[in-house]
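Novice: Sequence:
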Amino acid sequence: MVAPKMERINWILWGLAILSVLVAFYLTSIGEKIISTILFVFGYAVFPTAAILVKWPSKTAEKR
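According to the working numbering, the sequence shown holds residues 1 to 64 in order.
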């Protein structure tokens with residue numbers, strides 16, 4: 001079972017991932033390249049990886 005605090009952090013990280021990708025698409029459409037590239041990296045790599053790692057210890061603890 002995942003602790004409620006970790007579950008909340010997980011949802012916040014996934015929300016940040018989605019939001020950063022949407023903002024990056026918008027910035028790309030108006031011509032901003034550098035900031036949108038940074039947001040794409042965070043949205044597709046950093047935030048989802050962090051969200052998975054937040055839940056990882058609870059999954060390994062359940063197997064024991």
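Don't read these hints as lab results, they were simulated from the structure.
Where a beta carbon is used, it is the ideal one built from N, C-alpha and C, also for glycine.
Treat the hints with care, as some may be off.
Restraint ranges, calculated between C-beta atoms of paired labels, are given here [claimed, not checked]: (1) 6 x 45: 19 to 27 Å; (2) 52 x 4: 14 to 22 Å; (3) 56 x 26: 30 to 38 Å; (4) 28 x 48: 28 to 36 Å; (5) 8 x 31: 16 to 24 Å; (6) 30 x 53: 28 to 36 Å.
Novice: Measuring from beta carbon to beta carbon, are residue 30 and residue 53 in 28 to 36 Å?
Specialist: 33 Å, holds
Novice: If I claimed the Cβ atoms of residue 56 and residue 26 lie 30 to 38 Å apart, would that claim hold in this structure?
Specialist: Roughly 32 Å apart at Cβ, these two residues keep to the hinted range, so it holds.
Novice: Could you tell me whether the CB distance from residue 52 to residue 4 stays inside 14 to 22 Å?
Specialist: 18 Å, holds
Novice: Can you let me know if the beta-carbon spacing of residue 8 and residue 31 is within 16 to 24 Å?
Specialist: This hint is violated: roughly 36 Å between Cβ atoms.
Novice: Could you check the hint for me, namely that residue 28 and residue 48 are 28 to 36 Å apart, CB to CB?
Specialist: Check failed, 20 Å falls outside 28 to 36 Å.
Novice: Verify the CB-CB distance for residue 6 and residue 45 against the hinted window 19 to 27 Å.
Specialist: 21 Å, holds
When held up to the earlier numbered hints, the structure conflicts with 4, 5 and fits the remainder.
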